[in-house]
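J.: Sequence lines, in order, name chains A and B. Number 305 marks the last residue of the first sequence (my numbering); no jumps. Number 1252 marks the last residue of the second sequence (my numbering); no jumps.
The hints are simulated quantities; they were obtained by calculation from the structure and are not laboratory data. Please read these numbers as outputs of a predicted model, since none were measured by experiment. Certain hints may be false.
Unchecked claim - Example chain B residues on the side facing chain A (calculated, C-beta under 8 Å, incomplete): (1) 1023; (2) 1025; (3) 1026; (4) 1028; (5) 1029; (6) 1034; (7) 1035; (8) 1036; (9) 1042; (10) 1045; (11) 1060; (12) 1061.
Claimed, not checked - Subject to a maximum C-alpha distance of 30 Å in a straight line, what follows is the list of computed BS3-like cross-link-like pairs (lysine-lysine): (13) A/110 x A/161; (14) A/76 x B/1022; (15) A/192 x A/158; (16) B/1022 x A/32; (17) A/165 x B/1214; (18) B/1058 x A/61; (19) A/106 x B/1058; (20) B/1099 x B/1214; (21) A/208 x B/1027; (22) B/1027 x A/243; (23) A/237 x B/1252; (24) B/1027 x A/112; (25) A/35 x A/189; (26) A/232 x B/1214; (27) A/112 x A/32; (28) A/110 x B/1050; (29) B/1022 x B/1058; (30) A/259 x A/35; (31) B/1225 x A/189; (32) A/258 x B/1027; (33) B/1187 x B/1252; (34) B/1050 x A/112; (35) A/192 x B/1050; (36) A/106 x B/1252; (37) B/1022 x A/269; (38) A/106 x A/189; (39) A/35 x B/1022; (40) A/189 x B/1099.
Backbone N, C-alpha and C define an ideal beta-carbon position, used for all residues, glycine too.
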Amino acid sequence: MKRRNFIQQATAGTALVTLGGLGLQSFTSSLKTSKITILHTNDVHSHIDTFGPEDGRNANKGGVARRASLIESIRKENPNTLLLDAGDIFQGTPYFNYYGGELEFKLMSKLKYDAATIGNHDFDNGIEGLYTQLPHAQFDFISANYDFSNTIMDTHVKPYKVFKKGGIKIGVFGLGIELNGLVDPSMFKETKYLDPIEISQDMTRILKEEEQCDLIICLSHLGYNYRNSETKISDLKLAAATKNIDLIIGGHTHTFLKKPTIVKNVENKNVLVNQVGCYGINLGKIDFYLDSNKNKAADGTSIIV
Amino acid sequence: MRFTHFIFLLNFFIFFGCKQEKLHLTKIQGEQIQITDSLSSNTEIESFIKPYRDHIQKDLDSVLAYSVDLYSKTDGDLNTAVGNFMADAVYSEANPVFKSRTGKDIDMVLLNYGGIRSILPKGNVTKRTAFQLMPFENSVVVVALKGSQIDSIVEYLKTRKRAHPISKFKLVLDKDFNVIEAKINEKNIDKNKVYHVATNDYLYNGGSNMTFFKNNDSLYVLNYKIRNALIDKFIKLDTINPVIDDRFIQIK
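Taking the hints into account, I'd like the entire structure generated from these sequences.
T.: What follows is the structure, encoded as structure tokens:
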């Protein structure tokens, strides 16, 4: 197992954090620290088996059965774990051509995925093809900017979901990429694409104010960054243009990041943007530590990536 | 002073806000874990996948036809046996689909040389062969182009000088790569006629610099994968023996 650990101090609040912590040790009853682990994949593209020894730079990597044991061991270490996928579950190996995504969904259910968003390739057998496989998925599909109300998928996709883990409320909302020009209209039918930034503003307001979430995660299939386009929305642009999002888990661009990117949002607060390549070669793991010490509010959060 | 103030606050939280205690994010730690052979496989997952895998392997390896020789895209000058086989298969398998939906016939086929992803090996031909020849998911589309626009295809082929697979189309060049003959379905190209050109969605969208498809009269999406056209052709044929012919040649 190759673990990448880069230490980066994102804010200068460490000294204060430590001080605050010392002063409070006598009041242990209410000062419990909670750890939430977020595990994530993206663009697995039906890669169920491990790559063969001849598969170039991917040789001997990936494989669902290995990912399963890794996730199991992480869950044993911290039961307060969420497992998320950022879309493009379908298409890429004969498993999809033969079974239309059935095995992908069944395995993700066995691995106890909590939620997934919808990628453009998840329409590859048409919106009916996706709908047909839904009974095999024991996890939720979340997408806030695809309006499915005039399609067969209506009511089967939630804009967001709130998870409670160890007393912590985690709000997760989904975002999908513009389908026009990317997917044949006969495949996505009357699915309407809505503006990701506007939708994110609504979602973060609902999750922060109405649902009172402690953590807000955006599960996105927008793509990490488009260097050649100033206008095309991406995870980096979304992070900078919104507020109250703690983590954006991305997909679509098959971006292998050495470490999560830290972006300043409109309030000059840190947002983590992460993506783990494709084909189930990597598993992303982000640990959030929260506690109830009020003094820490102004001190900022240390980010170690 | 500060300390007592804090105790007050703390009590306030315990007594009044205990149910909805405000939490603060103190630390975030991120890492990426590579899935390598140092991880053990979950045996339950492995045995769940096995019957699916076995079925696919068996099906991929079931023999559909017999190939009399090894056909490679590097054998041939401006047309190759394997390229001719693929373009002809797209014509013969996609035309009935197109005709049943539109009442029209495909006039010609144009694919790309780079889209032939492997050799057609000698011996047993299986579905796996089709996946190797065409691992991509591209589908057949039919584009309606005016006769005058076919000139762009002719121009493209004569300047590229590559064995891009064609069917029902004939192009003869002289030693200086000037066009001697250009015919669709054995007839001269009529500038005012609309021709239905079958290709794949990748090329339609400008792949291999084929920019001439976008400016079209109509587009017909058949939802029929190139690979499936090859598989259907393999099933129909017992013996595969394509040849290099005179559809695209240079007279020196």
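J.: If a hint holds in the structure, say so; if it does not, say that too.
T.: Taking the hints in turn, this is what the structure says about them:
Annotation: interface hint on residue 1023 of chain B holds; nearest CB of chain A at approximately 4 Å, less than 8 Å. The interface hint given for residue 1025 of chain B is met, as the beta carbon of that residue sits about 5 Å from the closest beta carbon of chain A, less than 8 Å. Hint status for residue 1026 of chain B relative to chain A: holds, with the closest Cβ pair at about 5 Å, below 8 Å. Below 8 Å, beta-carbon pairs count as interface contacts, and residue 1028 of chain B has one with chain A at about 5 Å; its hint therefore holds.
For residue 1029 of chain B, the interface hint holds, the least distance from its beta-carbon to any beta-carbon of chain A being 4 Å, beneath 8 Å. At about 5 Å, the closest approach between the beta carbon of residue 1034 of chain B and any beta carbon in chain A falls short of 8 Å, and the interface hint on this residue holds. Taking 8 Å as the C-beta cut-off, the interface hint given for residue 1035 of chain B holds, the closest approach to chain A being about 5 Å. This hint holds: residue 1036 of chain B has a C-beta 6 Å from the nearest C-beta of chain A, less than the 8 Å allowed.
Interface restraint check: residue 1042 of chain B against chain A, minimum CB-CB distance 4 Å, threshold 8 Å, status holds. For residue 1045 of chain B, the interface hint holds, the least distance from its beta-carbon to any beta-carbon of chain A being 4 Å, beneath 8 Å. Hint on residue 1060 of chain B holds. Least Cβ distance to chain A is approximately 7 Å, under the 8 Å limit. Given the 8 Å rule on beta carbons, the hint for residue 1061 of chain B is violated: about 12 Å separates it from the nearest Cβ of chain A.
A distance of roughly 20 Å separates the Cα atoms of residue 110 of chain A and residue 161 of chain A; the hinted pair therefore holds under the 30 Å criterion. A threshold of 30 Å between alpha carbons decides the hint, and for residue 76 of chain A with residue 1022 of chain B the separation of about 27 Å falls inside it, so the pair holds. Annotation: proposed proximity of residue 192 of chain A to residue 158 of chain A holds, straight-line Cα distance about 14 Å (limit 30 Å). The suggested pairing of residue 1022 of chain B with residue 32 of chain A holds, with an alpha-carbon distance near 12 Å, which does not exceed 30 Å.
For the proposed pair residue 165 of chain A and residue 1214 of chain B, the alpha carbon gap of about 52 Å is over 30 Å, so the pair is violated. Of the supplied pair hints, the one linking residue 1058 of chain B and residue 61 of chain A holds, its CA atoms being roughly 24 Å apart against a limit of 30 Å. Note on residue 106 of chain A and residue 1058 of chain B: the hinted pairing holds, with a Cα-Cα distance of about 22 Å set against a maximum of 30 Å. For a cut-off of 30 Å, the pair hint linking residue 1099 of chain B to residue 1214 of chain B stands: about 22 Å separates their Cα positions.
For the proposed pair residue 208 of chain A and residue 1027 of chain B, the alpha carbon gap of about 19 Å is at most 30 Å, so the pair holds. The hinted pair formed by residue 1027 of chain B and residue 243 of chain A meets the criterion: a straight-line CA distance of about 19 Å does not exceed 30 Å. The straight-line distance between the Cα atoms of residue 237 of chain A and residue 1252 of chain B is roughly 58 Å, outside the 30 Å bound, and the hint therefore fails. Taking the CA atoms of residue 1027 of chain B and residue 112 of chain A, the gap is near 26 Å; set against the 30 Å cutoff, the hint holds.
With a C-alpha separation of about 42 Å, the suggested pairing of residue 35 of chain A with residue 189 of chain A is violated against the 30 Å cut-off. At roughly 22 Å between alpha-carbon atoms, residue 232 of chain A and residue 1214 of chain B fall within 30 Å of each other, so this suggested pair holds. The hinted pair formed by residue 112 of chain A and residue 32 of chain A meets the criterion: a straight-line CA distance of about 27 Å does not exceed 30 Å. Distance restraint check for residue 110 of chain A and residue 1050 of chain B: the Cα-Cα separation of roughly 15 Å lies within the 30 Å cut-off, and the hinted pair is therefore satisfied.
Restraint check: the Cα-Cα separation between residue 1022 of chain B and residue 1058 of chain B comes to about 58 Å, which exceeds 30 Å; the hinted pair is violated. Note on residue 259 of chain A and residue 35 of chain A: the hinted pairing holds, with a Cα-Cα distance of about 20 Å set against a maximum of 30 Å. Between the alpha carbons of residue 1225 of chain B and residue 189 of chain A the distance comes to roughly 20 Å, so the proposed pair stays at or under 30 Å and holds. For the suggested pair residue 258 of chain A and residue 1027 of chain B, the alpha carbons sit about 20 Å apart, so the restraint of at most 30 Å is met.
The hinted pair formed by residue 1187 of chain B and residue 1252 of chain B meets the criterion: a straight-line CA distance of about 24 Å does not exceed 30 Å. For a cut-off of 30 Å, the pair hint linking residue 1050 of chain B to residue 112 of chain A stands: about 20 Å separates their Cα positions. Annotation: proposed proximity of residue 192 of chain A to residue 1050 of chain B is violated, straight-line Cα distance about 39 Å (limit 30 Å). Only pairs whose Cα atoms come within 30 Å are accepted, and residue 106 of chain A paired with residue 1252 of chain B is rejected, the gap being roughly 61 Å.
With a C-alpha separation of about 18 Å, the suggested pairing of residue 1022 of chain B with residue 269 of chain A holds against the 30 Å cut-off. Distance restraint check for residue 106 of chain A and residue 189 of chain A: the Cα-Cα separation of roughly 26 Å lies within the 30 Å cut-off, and the hinted pair is therefore satisfied. Simply put, residue 35 of chain A and residue 1022 of chain B have alpha-carbon atoms about 15 Å apart, close enough for the 30 Å limit, and the pair holds. With a C-alpha separation of about 24 Å, the suggested pair residue 189 of chain A and residue 1099 of chain B falls inside the 30 Å cut-off, and the hint holds.
In terms of the numbered hints stated before, the structure departs from hints 12, 17, 23, 25, 29, 35 and 36, listed from lowest to highest.
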